[in-house]
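Trainee: Each chain, written out:
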Amino acid sequence: MIFPAVPRFPVQPLLLGAGFALLVAIGTATVWLAEQSAQDARSVVHTINVQEKLSNLLLNVRRAESGQRGFLLTGRQQYLLDYRDAAPAVETYLAELRTLMSDNPDRGPVLDQMDATARTKMTELAKTIELQASGQHEAAVALVQSDDGFKSMNGLRLLVERTLADEERLLLARSDASRRNDARLLAVSLAGMALVVLIGALSVFLVQRTSRQRESARNELAATNANLERIVAHRTADLTEANEEIQRFAYIVSHDLRSPLVNIMGFTTELEALRSDIFEEMAKLREQAGVAAAHADARESGGASTDPLGTGFDEAITFIKTSITKMDRLINAVLKLSREGRRDFKPEEIDMNALLASIAQTVAHRATEQGATVAVADLPPVVSDLLAVEQVFSNLVDNALKYGRDGEPGRIEIKGHTARAHVMYEVRDNGRGIDPHDHQRVFELFRRSGPQDRPGEGIGLAHVRALVRRLGGTMSLTSELGKGSVFTVTLPRRWVGENRSAA
Amino acid sequence: MNARMAEQPVTIIMVEDDGGHARLIEKNIRRAGVNNPIRPFTNGSDAVKFLFGADGTGTDNKNCALLILLDLNLPDMSGVDILKRLKENEHLKRSPVVVLTTTDDAVEIKRCYDLGCNVYITKPVNYENFAHAIRQLGLFFTVIQVPAAV
Numbered sequence: 027m028i029f030p031a032v033p034r035f036p037v038q039p040l041l042l043g044a045g046f047a048l049l050v051a052i053g054t055a056t057v058w059l060a061e062q063s064a065q066d067a068r069s070v071v072h073t074i075n076v077q078e079k080l081s082n083l084l085l086n087v088r089r090a091e092s093g094q095r096g097f098l099l100t101g102r103q104q105y106l107l108d109y110r111d112a113a114p115a116v117e118t119y120l121a122e123l124r125t126l127m128s129d130n131p132d133r134g135p136v137l138d139q140m141d142a143t144a145r146t147k148m149t150e151l152a153k154t155i156e157l158q159a160s161g162q163h164e165a166a167v168a169l170v171q172s173d174d175g176f177k178s179m180n181g182l183r184l185l186v187e188r189t190l191a192d193e194e195r196l197l198l199a200r201s202d203a204s205r206r207n208d209a210r211l212l213a214v215s216l217a218g219m220a221l222v223v224l225i226g227a228l229s230v231f232l233v234q235r236t237s238r239q240r241e242s243a244r245n246e247l248a249a250t251n252a253n254l255e256r257i258v259a260h261r262t263a264d265l266t267e268a269n270e271e272i273q274r275f276a277y278i279v280s281h282d283l284r285s286p287l288v289n290i291m292g293f294t295t296e297l298e299a300l301r302s303d304i305f306e307e308m309a310k311l312r313e314q315a316g317v318a319a320a321h322a323d324a325r326e327s328g329g330a331s332t333d334p335l336g337t338g339f340d341e342a343i344t345f346i347k348t349s350i351t352k353m354d355r356l357i358n359a360v361l362k363l364s365r366e367g368r369r370d371f372k373p374e375e376i377d378m379n380a381l382l383a384s385i386a387q388t389v390a391h392r393a394t395e396q397g398a399t400v401a402v403a404d405l406p407p408v409v410s411d412l413l414a415v416e417q418v419f420s421n422l423v424d425n426a427l428k429y430g431r432d433g434e435p436g437r438i439e440i441k442g443h444t445a446r447a448h449v450m451y452e453v454r455d456n457g458r459g460i461d462p463h464d465h466q467r468v469f470e471l472f473r474r475s476g477p478q479d480r481p482g483e484g485i486g487l488a489h490v491r492a493l494v495r496r497l498g499g500t501m502s503l504t505s506e507l508g509k510g511s512v513f514t515v516t517l518p519r520r521w522v523g524e525n526r527s528a529a
Numbered sequence: 086m087n088a089r090m091a092e093q094p095v096t097i098i099m100v101e102d103d104g105g106h107a108r109l110i111e112k113n114i115r116r117a118g119v120n121n122p123i124r125p126f127t128n129g130s131d132a133v134k135f136l137f138g139a140d141g142t143g144t145d146n147k148n149c150a151l152l153i154l155l156d157l158n159l160p161d162m163s164g165v166d167i168l169k170r171l172k173e174n175e176h177l178k179r180s181p182v183v184v185l186t187t188t189d190d191a192v193e194i195k196r197c198y199d200l201g202c203n204v205y206i207t208k209p210v211n212y213e214n215f216a217h218a219i220r221q222l223g224l225f226f227t228v229i230q231v232p233a234a235v
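Protein chains in written order, with our numbering: chain A, 27 to 529; chain B, 86 to 235.
Hints are computed from structural coordinates only; laboratory data are not their basis. Any given hint could be a false lead.
Listed next, the stretches of chain B that the computed footprint assigns to chain A, with coverage defined by at least 3 CB atoms under 8 Å from CB atoms of chain A [said to hold, decoys possible]: (1) 103–113; (2) 212–224.
Below, computed lysine-lysine pairings styled on DSS-like, alpha-carbon distance capped at 25 Å [unchecked claim]: (3) B:Lys147 / B:Lys178; (4) A:Lys347 / A:Lys362; (5) A:Lys362 / B:Lys134; (6) A:Lys428 / A:Lys509; (7) B:Lys169 / A:Lys347; (8) A:Lys428 / A:Lys362; (9) A:Lys441 / A:Lys509; (10) B:Lys195 / A:Lys372; (11) B:Lys134 / B:Lys178.
By construction, the Cβ of each residue, glycine as well, lies at the ideal position given by its N, Cα and C atoms.
Chain B on its own, in the form it takes in the complex:
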């Protein structure tokens, strides 16, 4: 793992409503040798509560290094809304957001990048591809710099 990340372990926030998907993602990230803590959330509300805190300002996570894995199709809200709020928040806007979803609609992809998403990945149905993509992502995690907590 990256030296900087090791100093202050980066927490991976995984917002994924499908338990199966969450498990497969975690398995494959681990297979890539990423050992950072992963906090799974199965719905949008819980994730929002954790990320922005009880007061909704995000000050709770001011000093945390976060990497967010975000699904767009959540049962209670659209992942796009969470992405928008994250990128508009003073304390969280620098945290990398990886959109990981089944939607491969060009309009949706464009919209996410417009809103400031850092990486957009479509979940392939073909598991070989899926596993490969997640492992690549894991490898990517090991090399990227996440803004350190101040």
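Okay, chain A solo, but in the shape it has when bound:
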């Protein structure tokens, strides 16, 4: 399965980045909008404050006026209490209003006007009270009747009312702005949240998809692995079967080939017996026919071997018999190999030192005769089939002794070392060596190398290699003509049996 790697890889970080950017934007917007909202609130408070001050200003001017009226009407001092209380309050409110309204330069002229009007009123009030106090009641009343006080009071009232209305409008506008701001804040927050949720959902979806893909890929891999193992097991079974088939084939063929061989040999021998009878008969006939007496001696000496006819006959029979004997040997060799191939191997701990010592002991007599020495170094032990390993090393040592070099005392060395899960043994000789061209050939059945001056069928090394292979090992050969050979046997340190691939 091939994954769409291009879209999957950058989408996730991109989404995350977008999510973070969005959060930052929402945060900033919220902070800004909140600040805005706070400012609106402050403005509202300010407006209300201004309205209160304005109302208080008007109230106090009226209080002062009402006190003045009472005093004028009754002449009693107690009416002046209100006046005296209100008069400084008016000053205070005027000052406060000036401070409050300093932020709004538009209000400057209105305030100035208001200030002036209030002061005019307060001056008129102060003047009438002063007159009344000094006993000029009529003058005071006349001043009131001049309507100056009424006009300025009216003017102040109008100014205050207009300003109040203005402030009211401002308040309305500010509340409106504040509401809109709040709505915007809410909208931005909601939209941001929705977007964050969306990105989150998308991320979760992508992660899930990725994990699903990974899961299915893992399953597929596991299935492929299982399948592979099945295929391997299948092939191994096929190979084992084919191998067994070959073994059986070799066995049956070699076995059935012997049968006709018995006949050929048997009747050839019968023929040989018949031959003497025939030649005797012929000799008798010749004698009766009165052939030259010169032949008589030969006849008497036992069957016409000097006769060219007899010589041809003998030669033919000899060749036939030699060939049959050779064929019998070859068939026996194949039989032996196939029988070895079918033998059950049992792994066991083998003391290689003891094994090689016993092999050296077996060949000691021959070695002494040839003036050869067999040196066995300290060898690592191995777990393998004892009989097979013994045959392998017997063959190798035997070969080393057999193919020595003329005029050179043979020297055979056996060494070994451990390499991880394997043990390697070397059988080294200083014999005649093997031509590099024949390095493969010598391991083949019935094939030999070099001068054919030693008895043998060309079976030993083929047998050795077959055994080593069955033991899960390998064989190698290093050799040069005239410089000796080194046969290296590599075996698994712990062979568990049956399965060659285990090694």
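Could you slot chain B onto chain A? The hints should help.
Mentor: Here is chain B on its own, set in the frame of chain A:
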């Protein structure tokens, strides 16, 4: 020939698919001076039909003194099966069976003796040895006692 055998001539049943082998065996048995009748069979089926009769019980040969020469590699059946049936048969189990074959496999030899074979001989390819072995066998025939027919 043994006196007892002479009374009631022992028939030699030779089960051998190879005509050449059969001829060589017969020649060499005769050379050893054995003159008993020899009945050759070239396949397992015919031999089984003769030995066990049409009904397969072997009652036909109840009163015959038989000596069986048996080859193991027959074209239609294994000689081992014939040996097994012979030794399991009430009327034939006492007849000596000589397995004469090319197989020298230790497992096969053991199996034949386990099944009750009396003698196991491997045919040597070397004719001197072959002829010698058969003649020895012939001599052996002249001295052994075969259960007489009742």
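Trainee: Each hint should be assessed against the structure and marked as holding or not.
Mentor: So, going through the hints one by one against the coordinates:
With a cut-off of 8 Å between beta carbons, the stretch 103–113 of chain B has 5 residues touching chain A; three or more are needed, and the interface restraint holds. Here's how the stretch 212–224 of chain B fares: 4 of its residues keep a CB closer than 8 Å to some CB of chain A, so the rule of at least three is met and the hint holds. Note on Lys147 (chain B) and Lys178 (chain B): the hinted pairing holds, with a Cα-Cα distance of about 11 Å set against a maximum of 25 Å. Under the criterion of a C-alpha separation no larger than 25 Å, the hint pairing Lys347 (chain A) with Lys362 (chain A) is consistent with the structure, at around 22 Å.
A distance of roughly 36 Å separates the Cα atoms of Lys362 (chain A) and Lys134 (chain B); the hinted pair therefore is violated under the 25 Å criterion. The straight-line distance between the Cα atoms of Lys428 (chain A) and Lys509 (chain A) is roughly 15 Å, inside the 25 Å bound, and the hint therefore holds. Simply put, Lys169 (chain B) and Lys347 (chain A) have alpha-carbon atoms about 37 Å apart, too far for the 25 Å limit, and the pair is violated. Of the supplied pair hints, the one linking Lys428 (chain A) and Lys362 (chain A) holds, its CA atoms being roughly 22 Å apart against a limit of 25 Å.
With a C-alpha separation of about 18 Å, the suggested pair Lys441 (chain A) and Lys509 (chain A) falls inside the 25 Å cut-off, and the hint holds. As the CA atoms of Lys195 (chain B) and Lys372 (chain A) are separated by approximately 22 Å, the hinted pair is consistent with the 25 Å bound. For the proposed pair Lys134 (chain B) and Lys178 (chain B), the alpha carbon gap of about 16 Å is at most 25 Å, so the pair holds.
In summary, the structure is inconsistent with hints 5, 7 from the numbered list given earlier, while agreeing with the others.
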